Amino acid sequence: MISFRTILTSCFLLFFSFALQAGFEEGEEANRKGDRATAFKEFQAASQAGDTRAYSKLGSMYLYGLGTETNYPMAYAWFALGMQAGDRYAERFRDTAAAAMPLEQIRHAEELLSEYRAKLGLPEPASK
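Taking the UniProt record's numbering, the leading residue of the sequence shown gets 1, the next gets one more, and so forth.
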C-alpha cells in the first residue's frame, strides 16, 4: 500500500520539475522572440533553481551582453557549470570568456564558480 507521504512527495517533485522546466521554457520562448531581458531573467531563475539546461544559456547571455551587461567572470562561471553538467560545447565558450580576461579576473571567476557550486550543492570536480 502506498503511503500518503509517498504520494505527497511524488506530487511535490512533479510540481517542482514542472516549475523548473517552465522557467527554462519561458526563457527559450523569450529568446526566440528577441526579448533578451526576459530570457536572461528566466534563465537566471532556472539556473539558480538548479536547472542544468540553463547554465550555458545564462553563460551565453553574460558572454555576449544579451539581456544584461557583458560580464566575462560570470560567463566563465556559468559555462564551467555547464561543462560540469555535461554540455559538450561549454568548455570552448568558457575558454573564450577566459581569453577576454586578465589573470586576476580569471581568479575572480574561479571564486564565483566555487560560490555557485556551493549554492547549487554541486561538488568540486576532481583535480586533473
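Be aware that one or more of the hints could be misleading.
Quick list of the computed label-pair ranges, beta carbon to beta carbon [as the list claims (entries may be wrong)]:
| # | residue 1 | residue 2 | range |
| --- | --- | --- | --- |
| 1 | 29 | 64 | 16 to 26 Å |
| 2 | 92 | 114 | 17 to 27 Å |
| 3 | 70 | 110 | 35 to 45 Å |
Simulated from the structure, these hints should not be mistaken for lab results. This structure is a prediction, so every number in the text was calculated from the model and none was measured. C-beta: ideal position from N, C-alpha, C; glycine also.
Is the hinted range of 17 to 27 Å satisfied by the C-beta distance from residue 92 to residue 114? Cβ of residue 92 to Cβ of residue 114: about 22 Å, so the range 17 to 27 Å holds.
Residue 29 and residue 64, beta-carbon distance inside 16 to 26 Å? holds, 19 Å
Hint check for residue 110 and residue 70 - Cβ pair distance inside 35 to 45 Å: Because 19 Å falls outside the window, the suggested range is violated.
Of the numbered hints stated above, the single one contradicted by the structure is hint 3.
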